[in-house]
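The lines below spell out each chain.
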Amino acid sequence: MSEISKTASPATARPLMKTLLPWIGFFILLLALPNIFSSNVGLYTMNLMGIFVIFALSYNMLLGQGGMLSFGHAVYFGLGGFMSVHFMNYIEDGDFTFPMYLIPIFGGLIGLVFGIIIGSFSTRRAGTVFAMISLGVGELMAASSLIFVAFFGGEEGVSGDRTTGPDLMGINFGQDIHIYYLIAGWVFVTVALMYLFSRTPAGRMANAVRDNAERAEFVGYSQRKVRFVSFCASGFFAGIAGGLFALNFEIVTEENLNALTSGTVLLMAYIGGVGFFIGPIVGAVIFTLLQSILSNYTDIWQLYVGILFVLTVMYVPQGLTGIFMMHTAAWRMRRVGSLILPYLRAGVPALAMLTGIAAFLETIHHMRSSVEGETAMSMMGVDFDSHSFVAWIVILALVVVGGYLTRSQLPQLKEAWEMANKPPAQREGAGS
Amino acid sequence: MLELIFFSLLNGVVTGLLLFMLASGLTLIFSMMGVLNFAHASFYMLGAYFAYTISIYLGFWVGLIVAPILVGLLGAVVERYGLRYVHRWGHVAELIFTFGLAFLIEEVVQFIWGKDTKAYHEPEILQFPLFTFFGQNFPAYKAFMLVISIGIFILLLLILTRSRVGLIIQAAIHKPNMTAMLGHNVPLVFMGVFGVGCALAGLAGVIAGPALGTFPGMAFVLGSIVFVIVVVGGLGSLTGAFVASLLIGLLQTFAIALDYSVNDLLQLFNISFDADSALRDLWTLSLPQIAPILPYLLLILILIFRPTGLFGNRET
Numbered sequence: 045m046s047e048i049s050k051t052a053s054p055a056t057a058r059p060l061m062k063t064l065l066p067w068i069g070f071f072i073l074l075l076a077l078p079n080i081f082s083s084n085v086g087l088y089t090m091n092l093m094g095i096f097v098i099f100a101l102s103y104n105m106l107l108g109q110g111g112m113l114s115f116g117h118a119v120y121f122g123l124g125g126f127m128s129v130h131f132m133n134y135i136e137d138g139d140f141t142f143p144m145y146l147i148p149i150f151g152g153l154i155g156l157v158f159g160i161i162i163g164s165f166s167t168r169r170a171g172t173v174f175a176m177i178s179l180g181v182g183e184l185m186a187a188s189s190l191i192f193v194a195f196f197g198g199e200e201g202v203s204g205d206r207t208t209g210p211d212l213m214g215i216n217f218g219q220d221i222h223i224y225y226l227i228a229g230w231v232f233v234t235v236a237l238m239y240l241f242s243r244t245p246a247g248r249m250a251n252a253v254r255d256n257a258e259r260a261e262f263v264g265y266s267q268r269k270v271r272f273v274s275f276c277a278s279g280f281f282a283g284i285a286g287g288l289f290a291l292n293f294e295i296v297t298e299e300n301l302n303a304l305t306s307g308t309v310l311l312m313a314y315i316g317g318v319g320f321f322i323g324p325i326v327g328a329v330i331f332t333l334l335q336s337i338l339s340n341y342t343d344i345w346q347l348y349v350g351i352l353f354v355l356t357v358m359y360v361p362q363g364l365t366g367i368f369m370m371h372t373a374a375w376r377m378r379r380v381g382s383l384i385l386p387y388l389r390a391g392v393p394a395l396a397m398l399t400g401i402a403a404f405l406e407t408i409h410h411m412r413s414s415v416e417g418e419t420a421m422s423m424m425g426v427d428f429d430s431h432s433f434v435a436w437i438v439i440l441a442l443v444v445v446g447g448y449l450t451r452s453q454l455p456q457l458k459e460a461w462e463m464a465n466k467p468p469a470q471r472e473g474a475g476s
Numbered sequence: 120m121l122e123l124i125f126f127s128l129l130n131g132v133v134t135g136l137l138l139f140m141l142a143s144g145l146t147l148i149f150s151m152m153g154v155l156n157f158a159h160a161s162f163y164m165l166g167a168y169f170a171y172t173i174s175i176y177l178g179f180w181v182g183l184i185v186a187p188i189l190v191g192l193l194g195a196v197v198e199r200y201g202l203r204y205v206h207r208w209g210h211v212a213e214l215i216f217t218f219g220l221a222f223l224i225e226e227v228v229q230f231i232w233g234k235d236t237k238a239y240h241e242p243e244i245l246q247f248p249l250f251t252f253f254g255q256n257f258p259a260y261k262a263f264m265l266v267i268s269i270g271i272f273i274l275l276l277l278i279l280t281r282s283r284v285g286l287i288i289q290a291a292i293h294k295p296n297m298t299a300m301l302g303h304n305v306p307l308v309f310m311g312v313f314g315v316g317c318a319l320a321g322l323a324g325v326i327a328g329p330a331l332g333t334f335p336g337m338a339f340v341l342g343s344i345v346f347v348i349v350v351v352g353g354l355g356s357l358t359g360a361f362v363a364s365l366l367i368g369l370l371q372t373f374a375i376a377l378d379y380s381v382n383d384l385l386q387l388f389n390i391s392f393d394a395d396s397a398l399r400d401l402w403t404l405s406l407p408q409i410a411p412i413l414p415y416l417l418l419i420l421i422l423i424f425r426p427t428g429l430f431g432n433r434e435t
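Each protein sequence line maps, in turn, to chains A and B. So the first sequence is residues 45 to 476, counted in my numbering. So the second sequence is residues 120 to 435, counted in my numbering.
One or more hints might be untrue.
A few chain A residues facing chain B, derived, Cβ under 10 Å [to be verified]: (1) 166; (2) 172; (3) 192; (4) 310; (5) 314; (6) 398; (7) 413.
Here are the computed distance ranges between Cβ atoms for each label pair [said to hold, decoys possible]: (8) 258/A / 297/B: 22 to 28 Å; (9) 384/B / 165/A: 25 to 31 Å; (10) 266/B / 412/A: 56 to 62 Å; (11) 380/A / 358/B: 56 to 62 Å; (12) 255/A / 188/B: 30 to 36 Å; (13) 129/B / 261/A: 32 to 38 Å; (14) 340/A / 307/B: 43 to 49 Å; (15) 165/A / 306/B: 33 to 39 Å; (16) 340/B / 420/A: 45 to 51 Å; (17) 413/A / 302/B: 52 to 58 Å; (18) 258/A / 302/B: 30 to 36 Å; (19) 199/B / 384/A: 35 to 41 Å.
To spell it out: a stretch of chain A is covered by chain B in this simulated footprint if at least three of its residues, at any positions, have a beta carbon under 8 Å from a beta carbon of chain B; those stretches are [unchecked claim]: (20) 333-347; (21) 357-367.
No wet-lab data here; the hints were simulated from the structure. This structure is a prediction, so every number in the text was calculated from the model and none was measured. Yeah, the Cβ is synthetic: ideal placement off N, Cα and C, and Gly gets one too.
Using the sequences and the hints given, assemble the complete structure.
Here you go:
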């Protein structure tokens, strides 16, 4: 109880300007980003990021806010994409007139319709039963998409053309920068809507049902109805993300609604941190960066993502956002500065160890996959011979020395952490 | 027609029993720890890959024995240092952990063995047709798979119902706290069951590798089907898992063998349809086409109408 009153009272007492400030900052950031990263790759990555931000946030309405672990969230994303691409084609054929930039609405609507249908029977229970039904529905849809060729286009998918709609002030979305601003606009609106949803009584009750369904029932709320509302809203926003995907890539395939995409969104939300509204945004941004940038440098980036994911689940279930949020107590007491040196002392050898491990994996991968006789490889700008003795010594030294030094620095880090979080009067358990 | 039914029946039983080897371990693990292990099929895949590597150097038969043991040890390590650690974050975290593990194992397998299908074959001694029926051969290797699966089933049944270890396991399933009070090391039992379950999955991988192919996607292909079996059969029920395995195995083989479509049904009633309509795919649906979705349809129907599964006595 005390925690609720603690978090709720400053929120209501907070001046309007302070509430709006992050949103204004977000708006300016969205406007400014294409000026900073104006290359094609940058735009491509940011477009994908925007789509995944919406998708991951909609997923977190289930997992983080509603306590429903779904293994089939790509169904709504994919269906939204297919519906949107069909409507793009109707506009192209002149069947009806509709502004192209509002197309994701149709994606959202089909997501909502399927959310209502599937949610009507799957939200009865949370936990394993819900997870299993979502898995079953996901597999069912993925398999059906290869059967119903008229709607899903079989293996090659359905493609459309976003430039054929009526122009908006002379803009026909032919250029990447146009589609960026379109996606940015949708991201801003949907993120704001999803944030507002989490503040409504429905969103608050979803948290209550997640934490203790039985108690919520005694207060007079049907856990099933509460979950159902979250589920439908989540399907709607996932559909919008799918619609934006269709607009951006102008093609939607079976891959967009299969289990792989469902797994990806779980990965994004969880790595970012499901306990915070901003977590999935962080997760989506990081995952997209890993996907588009890391994959340029290494073939085994998915192995790194897998390791990162498993380590997150095991040791930091609050996600990456959670690590940052752990510092709020120290931040308020202006003691973060005292943590910088201990972090550096432990972080530098840890970084050396991680580099060593990555070099080990990369070198082995290079030895196995490269052409016979080719031994020269480069990693992080360093060229070396993957079969040479020296390279292996360096890798081994990095791992062993780095690991040993990291370990030796942990006690002082722990001590510094406890010092920084020790409240002047009463203890606050923020760092546990 | 008779030969079709005969061979579909035989193939269905072989598939079903293979699935049972996976499902039996999974359902035991679930009923003990309440965790549906997403990585279970990954251990099946590891079994096949281990056996492949061993068979290169020491032959198939050594692999048949050693690979499942290795997989079982790996499973025990995962339980001891992974799952037991994650347990403190709750059930959802455990489920996500096994999901992440499945993802990671697939990547690791691709890292170590590569993305291509491995040339893992049945031993030469089993490469002959066992019998010929209506001009169709029945390979001896399938009979071998059948014998191994039935042997495992009987062994498992005897251990669980007739031995002291089985008694303790059954007690730990139903009343873990009480069993611990009586002086049994329940965490050790959990670790053992997890290890043995993984070893069984590994054994299934060893014998299925040559028949179904050894490739990085093999866990994914079977993984969700095994879930279906465990849920349909009733979580925690070994009998249920057995019946459901056979049911799914037969369902899949018969759906592929019998080539009927909605069209045939409609023609029976003299109804014709518009060949260009958007629903045309619906009218031309055939049984082999919908074969892959039948298990999932069954899963959803069971979860809606009978959440305890066919033989289960408790909800998840």
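Here is how each hint holds up against the structure:
A distance limit of 10 Å between C-beta atoms decides the matter here; for residue 166/A the minimum to chain B is near 8 Å, and the interface restraint holds. Of the supplied interface hints, the one on residue 172/A holds, with its beta-carbon coming within about 4 Å of a beta-carbon of chain B, less than 10 Å. Given hint, residue 192/A at the interface with chain B, holds; its Cβ is 5 Å from that chain's nearest Cβ, closer than 10 Å. Because the beta carbon of residue 310/A sits about 7 Å from the nearest beta carbon in chain B, less than 10 Å, this interface hint is met.
A distance limit of 10 Å between C-beta atoms decides the matter here; for residue 314/A the minimum to chain B is near 6 Å, and the interface restraint holds. The beta carbon of residue 398/A is not positioned within 10 Å of any beta carbon in chain B (closest approach about 17 Å), and the interface hint is therefore violated. Taking 10 Å as the C-beta contact cut-off toward chain B, the hint placing residue 413/A at the interface holds, the least distance being around 8 Å. Restraint check, residue 258/A to residue 297/B: a C-beta distance of roughly 25 Å satisfies the suggested window 22 to 28 Å.
The beta-carbon spacing between residue 384/B and residue 165/A, approximately 27 Å, falls within the hinted interval of 25 to 31 Å. For residue 266/B paired with residue 412/A, a C-beta distance near 37 Å fails the hint of 56 to 62 Å. One distance hint, 56 to 62 Å for the beta-carbon pair residue 380/A and residue 358/B, holds here, with the actual separation near 59 Å. Between residue 255/A and residue 188/B the Cβ separation comes to about 43 Å, which falls outside the hinted range of 30 to 36 Å.
The hinted range of 32 to 38 Å is not satisfied by residue 129/B and residue 261/A, whose Cβ atoms lie roughly 51 Å apart. Taken as a hint, the range 43 to 49 Å holds for the pair residue 340/A and residue 307/B, whose Cβ atoms sit roughly 48 Å apart. The given range of 33 to 39 Å is respected by residue 165/A and residue 306/B, whose C-beta atoms sit roughly 37 Å from each other. Separated by about 38 Å at the C-beta atoms, residue 340/B and residue 420/A break the suggested range of 45 to 51 Å.
Residue 413/A and residue 302/B have their C-beta atoms about 53 Å apart, which keeps the hinted 52 to 58 Å range intact. Checking the proposed 30 to 36 Å range against residue 258/A and residue 302/B shows it holds: the Cβ atoms sit about 34 Å from each other. Remark: the range hint 35 to 41 Å for residue 199/B to residue 384/A is upheld by a beta-carbon distance near 37 Å. A stretch counts as covered by a chain when three or more of its residues have a beta carbon under 8 Å from one of that chain; for the stretch 333-347 of chain A and chain B the count is 3, and the coverage holds.
Taking a C-beta to C-beta cut-off of 8 Å, the stretch 357-367 of chain A contributes 3 residues in contact with chain B, enough for the three needed, and the coverage statement holds.
Of the numbered hints stated above, those contradicted by the structure are hints 6, 10, 12, 13, 16, listed in ascending order.
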